[in-house]
Amino acid sequence: MVDLATRIGTLTLANPVMPASGTFGPELAQVFDLDRLGALVTKSVTPEFRAGNPLPRLCETEAGVLNSIGIPGKGLDHFIAQAMPEWRRFRAPLVVSLSAPTVASFADCAARLAATPGVAAIEANISCPNLEEDGRAFAMHPEPAAAATAAMRRAAPGMPLWVKLSPNTGDIAAVARAVEEAGADAVVVANTILGLAIDVETARPKLGSGMGGFSGPAFKPVALRLVWQCAQAVRIPVIGVGGIATGEDAVEFLMAGASAVQVGTASFVSPTAMLSVIEALEKFCARKGIARVAELTGAALPRAWREAAE
Amino acid sequence: MDLGAAAFPVAEASVTVIESAPVGRRYHRLLLDAPDLSARSRPGQFFHLLCRDGGGAGPYLRRPMSIWRCGEGRPLGFLFHVKGKGTTALARLREGDALSVVGPLGHGFRLDPAWRRILIVARGVGLATLAPVTEAAAAMGIAVEAVLSARAEADLMAPEFAGASGAAITALFDADGGSDVEHVEKMLRARFAAARPDAVFTCGSNRLFLLLQRLAAEHGIPGQVALEQQMGCGLGMCFCCVRQVRDETGKVVNLRVCAEGPVFDLQAALAW
Ligand SMILES: Cc1cc2nc3c(=O)[nH]c(=O)nc-3n(C[C@H](O)[C@H](O)[C@H](O)COP(=O)(O)OP(=O)(O)OC[C@H]3O[C@@H](n4cnc5c(N)ncnc54)[C@H](O)[C@@H]3O)c2cc1C
Ligand SMILES: Cc1cc2nc3c(=O)[nH]c(=O)nc-3n(C[C@H](O)[C@H](O)[C@H](O)COP(=O)(O)O)c2cc1C
Ligand code: FES
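In order, the protein sequence lines correspond to chains A and B.
The numbering used here puts the first residue of the first sequence at 1, with every later residue one more than the last.
The numbering used here puts the first residue of the second sequence at 1, with every later residue one more than the last.
Be aware that one or more of the hints could be misleading.
[Stated by the list, open to error] In silico SDA-like pairs for lysine to any residue, Cα to Cα no more than 25 angstroms straight-line:
1) A:Lys74 - B:Gln230
2) A:Lys206 - B:Leu227
3) A:Lys74 - B:Gly236
4) B:Lys85 - A:Glu62
In case anyone wonders, no lab produced these hints; they're calculated from the structure.
Please take these sequences and the hints and turn them into a complete structure.
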C-alpha cells in the first residue's frame, strides 16, 4: 500500500490531488464522491456581489482554453450563509479561495472566513486587480503581494494561509519569497497566464472582454517551470497547478518540487480526471517501489541531483 | 436497485455507436448502445460529448447535445446539424466506434398529466430537442400538435421529429414565405382559437421564441423554452454558459444554461 498523505503546513491531506479554484463546485458530486479528493477548493469568493464579464467568457484553443469569467458571485455574506452549509456536507478539507480589491478588504474577509466553521484553509487569489495600484494585480510585484499576505496573516492568525501566485510577473521567485516572509503557509503555483485569441472574420477578440487567462495542457510546461523556480526559492510547501490532466503530469509537478497538485481545465474534458490522477499516482508509486508519495516532492530538483551524486 | 445511478446521477462513460447516418443534406444522427443512460434520460436534458472521430481527432472541449431519443430498452440518440469542428468529428464516427459521453445533464421539460393537448413550435435542428417531448406526451395521453419551420423541405425531418408519437405536424418553409413571423402568428392565433393548447414549447429560433412568448402571455398559456449557450464544463462549475432570465421578482439575473436550464419558463427567458 502506498501512503498518499501529504502535509501542507499544519494541514494533512489524505492525498495530494485537489481541484483548481473556479473549475470546480459541489455540482461535481453528481459524478463521484468528492471525499475521495485530498481537499476541496471553492471558486474565488469576493467581498461583494459581482455580475461577471461579458460573453463569450471561454474560448477553446488547440490544447487548452482562454477564460475571462470575471469571478461572478453573490459575495462573502451569501457565501458564508448559503454556500458554506452545502460545503460542510463533505468531509474533505475545504479551502476557500478569496479575492479582494484592496489589502484591507483581503484582511477583513480573511478574518471572517477564519471565524467560519468548516474552513480548513484560505487560498488568496492575488491575481486580481489591486484598486490601490491602478488595477495592477497584487501578484505582479513582491511588495503588494507581501502587503496583502501580511494583512491576512495578522487578521487570521491561526488559519492556514495559501497564496496563489500569477505567471504574469517578471520574477515569480521574488514574489514567492516575499509572501513566505509575510507569513504564507504555502504558495499555489500558478494562476492562468494572460493570452488572447482573435476572430479573423470580425476582427474582434474572441472573448467578450478581450484578453483572458490561458490554461489547460498547452500551459503545462510554463506552470511546471514556475513550480520548479518557486520550490527552489522558498521553504514552505508549493502546490502545483497548470495543465495537469494525468497521473504522469502530477508526478512531474511533484518531482519539480510540489507537495500537492490542483487539476482545473482537465475536469471540463473529463469530470473524473482527478480520480484518474489519484489512481495513476498510486500505481506509479507502487511500480517504482515508493512507499510514500511525499518522497516524490522535489525528486527532480538540482539539489536532489547533487545529493544523488554525493 | 442501482445505487450508483441514485448517488451519482451523472456518468462519464465510453459507449458504442450502433448507428451513424446522415439525415438530409446538413444533419446527422447517432444511436448509441447505452441502456442505463438511456433509461434515466429525460426529454430536454442533454449530454456533453467528446467529439473525436474514429482516429481520435477533434476539438479540445466537449459539445453539448440534446437527447433526441431515449428510454427504457432503447438506444440513446442524438440528431445534430453538422456545423463546425466538433459536429464534423461526430459525424465521422462509424458503427462500433467508441464515444465518450457525460450525462444526462440539466433540467428537462416538465409535462403535467392533467394537460390534454400541447403545441410545439420548433425551427431547424431545434426539433431534435423537442422530439422526445412528443413521445413522452403521447405516452401520457396528451395530444401533440407541432409547427415545424425549416429552410426547405429537405431540412424538415418530420419523421425524425414525430417518431411513433402520432403528432399532428404543420410544416412551414422559408422558400414559400410560410415561415415568416407574420404568417406564423396568423396561423398560431387561428390554432389557439380553434383548440387552445394547455402548454406551448419551443426551441431553435429567437424570432419564433419571441412570437410564442408574446402570444402565450396574451392567451395566458404556460410555456417552456430550451436555450442554447456555448459551454465549458456542462456541469455548472465554470459560469461561461449564462443567459439572462427573469427571476420570480422580475429581476434579470444570469443563470447557467447547463445547470438551471437548458429548459426555462417561456416568460422568464429573455431574447438572445
Ligand atoms: C443544451 C444544448 C443542446 C444542444 N442540442 C443540439 C442538438 O440537439 N442538435 C444540434 O445540432 N445542436 C445542438 N446544440 C448546439 C451544438 O452544441 C452546437 O451546434 C455545437 O456545439 C457546435 O460545435 P462545432 O464544433 O461543430 O461548431 P463550431 O461552430 O466550430 O463551434 C465553435 C464553438 O461554438 C460553440 N457553439 C457553436 N454553436 C453553438 C450553439 N448553438 N450552442 C452552444 N454552443 C455553440 C461550440 O461549443 C464551440 O465552443 C445544443 C446546444 C446546447 C447548449
Ligand atoms: C474557467 C476558469 C475559471 C477560473 N477561475 C479562477 C478563480 O476564480 N480563482 C482562481 O484563483 N483561479 C481561477 N482559475 C485558474 C485555475 O484555478 C488554474 O490556476 C488554472 O486554470 C491553471 O490550471 P489548469 O491548467 O489545470 O486549468 C480559473 C480557470 C478557469 C479555466
Ligand atoms: S458550462 Fe460550465 S457552468 Fe455551464
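Handout entry: Those earlier numbered hints the structure runs against, lowest number first
Key = Of the numbered hints, all hold.
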